[in-house]
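S.K.: Kindly produce the complete structure, drawing on both the sequences and the hints.
There are 2 protein chains.
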Amino acid sequence: MALLRLELNSNLFLRDPQETDLGRKIIDQSIRMIDELGLEAFTFKKLSKAIDSTEASIYRYFENKHRLLVYLIAWYWNWLEYRIEFETHNVASPTDRLAIALRLVTEHKSNDATFPSVDESALQRIVTNESDKTYLTKQVDSDNKEGLFRGFKTLCKRIADMVEEINPSYAYSHALVSTVLQAAHQQVFFAEHLPSLTEHKVVKGDVHQQNYEFLLELIQKASKA
Amino acid sequence: MALLRLELNSNLFLRDPQETDLGRKIIDQSIRMIDELGLEAFTFKKLSKAIDSTEASIYRYFENKHRLLVYLIAWYWNWLEYRIEFETHNVASPTDRLAIALRLVTEHKSNDATFPSVDESALQRIVTNESDKTYLTKQVDSDNKEGLFRGFKTLCKRIADMVEEINPSYAYSHALVSTVLQAAHQQVFFAEHLPSLTEHKVVKGDVHQQNYEFLLELIQKASKA
DNA sequence: TCCTAAACAATAGTATTACTATCATTAAAT
DNA sequence: ATTTAATGATAGTAATACTATTGTTTAGGA
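From first to last, the protein sequence lines stand for chains F and B.
For what it's worth, our numbering labels the leading residue of the first sequence as 1, then goes sequentially.
For what it's worth, our numbering labels the leading residue of the second sequence as 1, then goes sequentially.
Please note that the accuracy of each hint is not assured.
[Claimed, not checked] Derived lysine-lysine pairs resembling PhoX-like cross-links, with alpha carbons at most 25 Å apart:
#1 K138(F) / K133(B)
#2 K65(F) / K153(B)
#3 K201(F) / K138(B)
#4 K138(F) / K65(B)
#5 K133(F) / K46(B)
#6 K201(B) / K153(F)
#7 K45(B) / K204(F)
#8 K221(B) / K224(F)
#9 K224(F) / K65(B)
#10 K138(B) / K133(F)
#11 K45(B) / K138(F)
None of these hints come from the bench; they were simulated from the model.
M.R.: Here you go:
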């Protein structure tokens with residue numbers, strides 16, 4: 001398995017964490033800790049203690065913990081897009097490509113040996129629990145101008161293109177896809193914490209699989225001519 | 001126009017803010033300030049200054065600002081449910097009732113004279129920008145046990161019941177409705193801040209109307225037999 | 001090999017936040 | 001007139017989110 005490195009927008013960090021040992025430790029450990037503590041209780045002080053470094057050192061990589069979160073989420077969407085590109089390559093039928101993309105988006109993630117310093121499984125839980133916080137802020141517009149959300153936007157566009165290929169007359173491909181991408185993690189959260197909001201059941205096997213079936217049907221019916 | 005008061009779960013507050021002058025000022029001013037500053041920059045200290053009171057006094061009404069936010073959002077969903085109940089009363093056709101409910105959920109809110117101390121228009125913006133933060137926390141399960149999210153859950157159930165009445169064989173009425181309720185504010189946020197994620201355009205007239213059309217079509221196609 | 005600069009550690013310090021505690025004052029109910 | 005509930009005034013604390021400074025290690029280039 002080839003070792004790869006995702007090329008991320010340099011505005012996401014002050015110093016590239018993929019380039020140094022300390023940087024990789026920051027990524028690795030922050031994923032663990034945000035998953036465990038939640039974003040609110042997570043601090044650079046606790047992180048620095050855990051990796052036996054200092055607050056000041058971490059601030060050389062990321063302006064603050066919000067930026068670090070944005071970085072992690074951006075990494076996730078870029079990773080997903082790379083995997084979709086890989087798996088849909090040479091698949092001619094847009095219907096098949098859409099199904100593959102949706103499966104990759106919704107499925108439960110296990111760790112990807114291509115990126116050994118990232119716990120994709122924990123990162124998926126972070127996306128479920130925290131990703132909306134990346135843009136639900138007063139600085140969303142300036143963050144967006146810096147290109148911090150490009151990962152999510154290009155992923156949305158790529159899948160919307162498949163929908164448009166299937167039915168060029170459907171007027172809401174982007175709205176539909178962004179709605180579905182949101183639901184891809186929201187419904188899992190609901191199944192786990194607010195179960196009356198969804199039919200998906202954690203006890204009945206894989207919630208991600210149930211969500212895949214729900215969303216595939218939804219996207220197909222909605223975009224049908 | 002009759003003056004009404006929504007009966008909210010008493011776990012939402014320490015002292016009922018609807019009962020006193022100070023309480024109503026807290027609600028009124030916090031809506032203004034959270035809308036303006038965003039939840040992160042909003043503090044009880046600033047609020048107390050603005051209404052010429054003290055931090056300590058506000059803490060007698062709400063445990064903390066998270067609880068205050070949950071209260072405001074709960075008020076909003078309860079208000080919406082009341083309006084849906086009112087407007088769908090005596091409407092026999094479930095298809096019509098669904099359309100009415102969706103219109104009420106999606107439409108741009110102007111101020112409701114029935115509740116003079118609440119700026120519903122500002123509150124709608126708060127729902128758009130902050131409501132997901134009510135449950136995206138580590139305490140979501142204990143908050144849920146206290147019934148803090150009942151407003152949203154009963155609204156979802158009420159609309160899901162309409163969907164089920166239209167097509168009893170559709171297996172995902174709750175999942176569909178919770179997805180649509182989320183999209184009802186998410187798509188507006190996207191149109192305003194991340195416009196590449198949606199076809200809705202702020203410049204082309206009323207985003208809320210565009211969203212209504214998108215979501216009505218979505219919910220109808222998705223739940224069709 | 002020595003030197004230089006970059007990276008990191010160690011430490012200290014600040015303003016703000018999110019509270020809690022205490023006591024005094026006012027207003028409303030009995 | 002008296003009690004009591006609500007509010008105001010004030011103070012204080014621990015934690016957070018940083019910034020600044022200085023010293024130490026280390027790795028690469030001359």
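S.K.: If a hint holds in the structure, say so; if it does not, say that too.
M.R.: We went through each hint and held it up to the structure:
Proposed proximity of K138(F) and K133(B) is supported: the alpha carbons are some 14 Å apart, at most 25 Å. Straight-line distance between C-alpha atoms of K65(F) and K153(B) comes to about 32 Å, which puts the hinted pair past the 25 Å bound. Note on K201(F) and K138(B): the hinted pairing holds, with a Cα-Cα distance of about 20 Å set against a maximum of 25 Å. With a C-alpha separation of about 17 Å, the suggested pairing of K138(F) with K65(B) holds against the 25 Å cut-off.
With a C-alpha separation of about 23 Å, the suggested pairing of K133(F) with K46(B) holds against the 25 Å cut-off. Between K201(B) and K153(F), the direct Cα distance comes to roughly 16 Å. Compliance with the 25 Å bound is thereby established for this hinted pair. For the given pair, K45(B) sits about 47 Å from K204(F) by alpha-carbon distance, which is inconsistent with the 25 Å threshold. Distance hint between K221(B) and K224(F) is fulfilled; the C-alpha atoms sit about 9 Å from each other, no more than 25 Å.
For the suggested pair K224(F) and K65(B), the alpha carbons sit about 45 Å apart, so the restraint of at most 25 Å is broken. Pair hint K138(B) plus K133(F) holds up; C-alpha atoms about 14 Å apart against a cutoff of 25 Å. Between K45(B) and K138(F), the direct Cα distance comes to roughly 20 Å. Compliance with the 25 Å bound is thereby established for this hinted pair.
Of the numbered hints listed earlier, those contradicted by the structure are 2, 7, 9.
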